[in-house]
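Below, each chain spelled out in residue letters.
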Amino acid sequence: MENQKIEEFKQLIKSRLNKPMRYYLDVCTRCGLCYDTCHAYYGIPKKEYSPVNRAEVVRKIYKKYFRPSGKFFPYWSDATEIDDNVMEQVYEAAFSCTGCRRCMMFCPFGVDMPHILSIAKLLLIANETAPEELVMLADGAVEKGKSIDLFKEGYRNVIKDLETEVQKKLNLPSSENLIPMEKKGANILYVGLSGANSIVHPAVIFNSAKEDWTLSYFEAVNFGAFVGDPEKMQFIANRIIKEAKELGVKEVVIVECGTAFRIMKHMMGELPFKVSSIVEVIHRYIRDGRIKIREGSIKEAVTYHDPCQLGRNSGVFDEPRYVLKKLAGDFREMTPTRELNWCCGGGGGLVALDNEEFRIKSGKAKKDQIVAAGASVVVSACENCILQLNTINQGYGLGVEVKSLSELVSENILTGA
Amino acid sequence: MWDYISYLVMVPMVYVAFTTLILGIIFKVYTVYKSPSIPARLGVYPQDDITPVGIIKDSLFWPVALKKSPLLWGFLMVFHLAIVFLIIGHMELISDFRVLQIIPHDVFLGAGALGMILIVSTLYFLFRRFRSPFREISIPEDYLLLIILFFSILFGTIFHMSARYGSYSELVKISAGDFREYFMGLITFKPVLSYKLALAPHFIVLVLHVFFSNLFIILFPFSKMIHSLFIFFAISLKRK
Chain A
1 MENQKIEEFK QLIKSRLNKP MRYYLDVCTR CGLCYDTCHA YYGIPKKEYS PVNRAEVVRK
61 IYKKYFRPSG KFFPYWSDAT EIDDNVMEQV YEAAFSCTGC RRCMMFCPFG VDMPHILSIA
121 KLLLIANETA PEELVMLADG AVEKGKSIDL FKEGYRNVIK DLETEVQKKL NLPSSENLIP
181 MEKKGANILY VGLSGANSIV HPAVIFNSAK EDWTLSYFEA VNFGAFVGDP EKMQFIANRI
241 IKEAKELGVK EVVIVECGTA FRIMKHMMGE LPFKVSSIVE VIHRYIRDGR IKIREGSIKE
301 AVTYHDPCQL GRNSGVFDEP RYVLKKLAGD FREMTPTREL NWCCGGGGGL VALDNEEFRI
361 KSGKAKKDQI VAAGASVVVS ACENCILQLN TINQGYGLGV EVKSLSELVS ENILTGA
Chain B
1001 MWDYISYLVM VPMVYVAFTT LILGIIFKVY TVYKSPSIPA RLGVYPQDDI TPVGIIKDSL
1061 FWPVALKKSP LLWGFLMVFH LAIVFLIIGH MELISDFRVL QIIPHDVFLG AGALGMILIV
1121 STLYFLFRRF RSPFREISIP EDYLLLIILF FSILFGTIFH MSARYGSYSE LVKISAGDFR
1181 EYFMGLITFK PVLSYKLALA PHFIVLVLHV FFSNLFIILF PFSKMIHSLF IFFAISLKRK
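Just so you know, the sequences run in chain order A and B. Quick note on the working numbering: the first sequence kicks off at 1 and runs consecutively. Quick note on the working numbering: the second sequence kicks off at 1001 and runs consecutively.
Careful: at least some of the hints might be erroneous.
[Claimed, not checked] Simulated crosslink set (EDC-like; lysine to aspartate or glutamate; CA at most 16 Å straight-line):
id: 1; chain 1: B; residue 1: Lys-1196; chain 2: B; residue 2: Asp-1049
id: 2; chain 1: A; residue 1: Lys-274; chain 2: A; residue 2: Glu-243
id: 3; chain 1: A; residue 1: Lys-60; chain 2: B; residue 2: Asp-1003
id: 4; chain 1: B; residue 1: Lys-1224; chain 2: A; residue 2: Asp-78
id: 5; chain 1: B; residue 1: Lys-1067; chain 2: A; residue 2: Asp-36
id: 6; chain 1: A; residue 1: Lys-46; chain 2: B; residue 2: Glu-1136
id: 7; chain 1: A; residue 1: Lys-5; chain 2: A; residue 2: Glu-128
id: 8; chain 1: A; residue 1: Lys-152; chain 2: A; residue 2: Glu-128
id: 9; chain 1: A; residue 1: Lys-184; chain 2: A; residue 2: Glu-251
id: 10; chain 1: A; residue 1: Lys-47; chain 2: B; residue 2: Glu-1136
id: 11; chain 1: B; residue 1: Lys-1067; chain 2: A; residue 2: Glu-243
Just so you know, these hints were derived from the structure itself, not from any lab. These figures come from a predicted structure and were not determined experimentally.
Please work from the sequences and hints to get the whole structure.
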């Protein structure tokens, strides 16, 4: 590989050597306790899919260029120069990891593997071998942020159609203003996704709760984070922050998208508004009696898949269970559950890639959990998880129904209550 | 020639080792201190005890390891406790700390048992890496550090047990006082390698112990051994 390119890579690694990164790169003793904690390793037991090996791919490069031992005595730490073969390992490490951080729960040092892999993703972008799909989607989101005025009219027309759907579901005489936009001073700015369901069901819920809300022009999903470009990640999240500030809302509510929620809640520093997940808002409405649902209306056995970014990485465990226990007469936990729940294998943008065979295999842990729970309805609260759960469902012929929490609530809401 | 080598190991190399250790740790901490912070919160849920007590508890007792592998945890706990006691024991070779004589004893308190415990646990850590899957994730550093540590402990234990249990004349038997003379000489930068020490029956074993210990101390800040310091910071991020 050319020296100039190696220099560029070194600068990129250097740019990521923040405090946590320094701890995580140095503290690991390769005790191996994380070895079998990754869902990908569970499905495909190869060392390449063990968390420690993924981190080592990056660590060996770091040592080569930033540690005297790596420079002068590479044998000591198995320090590796970057070449095409190593870059393939880097790709495998970065894009077989969903960023679920389950391994972190088993690491005595609390090493955040996805944080280490942010270096891997940055190197892949510079090497122009990052997944093209994610790069394009991130670029599209950035472009939309730069020229939102060009998109507004078209988007409003789409929303008008969705308002008609909401009207039908709520059995109202008019569809006027059922999905408000650009409403200054609203309590809530709701940020959805590009799919109609991510807007229609929450709109049914917000209107039933008589909430003072407004819809964002942007999608919550952050492809900048998935591809591993920190600047694009910041830009994509900042579009929403800017919109929320301009409208002067009190709360930004994020659609069922774990990563989008975690970024807004935990990665963007102090914000002048509250950040909530739609799951927390639904829980709040039911708890406070602002919406009524048909309690116990679901007769089949229901289980809940904790989206990693919502549960383990953001602490939203109890709210979806509260809602589901109201709706379902037979709610069953998966084993293990909550913070130790297995990742479905769809996070980190993997669900957007052409890798279905890998995702079915790496979804084996989730498949086994669903089968063991014996549920016929699997509910989750993350679009990526829903897509991946459907892939697992079809791939293994499970014959279960996969639903999002907001869809389930919207279908079982008592209108006019 | 041997006198020259043994002096090099017992005096200049000890200074080099401790200077490297102190400057290395300062350099490591300074490098981290100068690195930028990030606004992101990297903790996981449910949030346990986020006070320093909780962080210290996780850092010293590794509940995560206990849940995942009780056997490994047991060896780790015994190993680290033995290390702590041995450090205290070595301090008694520097000076007679009255506080440490709550239980009246000759140096060392373990009378050789701690060394044996460390030998067994170091061998466990080493052999564990000979088999899959740990073999695949291990790198030369993992083996070399354990081998260096193993030799340091082995020679230290042999020397201590020989001196303690061997039937030697009082004329050649080494006492804690002889070590205190040696250590105080090093600390006051007036190094003395007394004839009594140099003529002890197992002096070569002592030199080997000091050599491997020096090597380990030199490597400490620049190897994964820095985990003993960084664990507190990494755990605080997990709990934040």
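Checked hints:
1. Distance hint between Lys-1196/B and Asp-1049/B is unfulfilled; the C-alpha atoms sit about 54 Å from each other, more than 16 Å.
2. Among the hinted pairs, Lys-274/A with Glu-243/A is consistent with the structure: their alpha-carbon atoms are about 14 Å apart, no more than 16 Å.
3. Restraint check: the Cα-Cα separation between Lys-60/A and Asp-1003/B comes to about 41 Å, which exceeds 16 Å; the hinted pair is violated.
4. A threshold of 16 Å between alpha carbons decides the hint, and for Lys-1224/B with Asp-78/A the separation of about 13 Å falls inside it, so the pair holds.
5. The hinted pair formed by Lys-1067/B and Asp-36/A meets the criterion: a straight-line CA distance of about 14 Å does not exceed 16 Å.
6. Annotation: proposed proximity of Lys-46/A to Glu-1136/B holds, straight-line Cα distance about 10 Å (limit 16 Å).
7. Of the pairs offered as hints, the one joining Lys-5/A and Glu-128/A holds, with about 12 Å between alpha carbons and a cut-off of 16 Å not exceeded.
8. With a CA separation close to 32 Å, the supplied pair Lys-152/A and Glu-128/A exceeds the 16 Å bound.
9. A hinted pair counts as satisfied when its Cα atoms are at most 16 Å apart, and Lys-184/A with Glu-251/A qualifies at roughly 12 Å.
10. About 7 Å separates the Cα atoms of Lys-47/A and Glu-1136/B, which keeps this hinted pair within 16 Å; it holds.
11. Between the alpha carbons of Lys-1067/B and Glu-243/A the distance comes to roughly 46 Å, so the proposed pair goes past 16 Å and is violated.
Comparing the model with each earlier hint shows violations of hints 1, 3, 8, 11; every other hint is respected.
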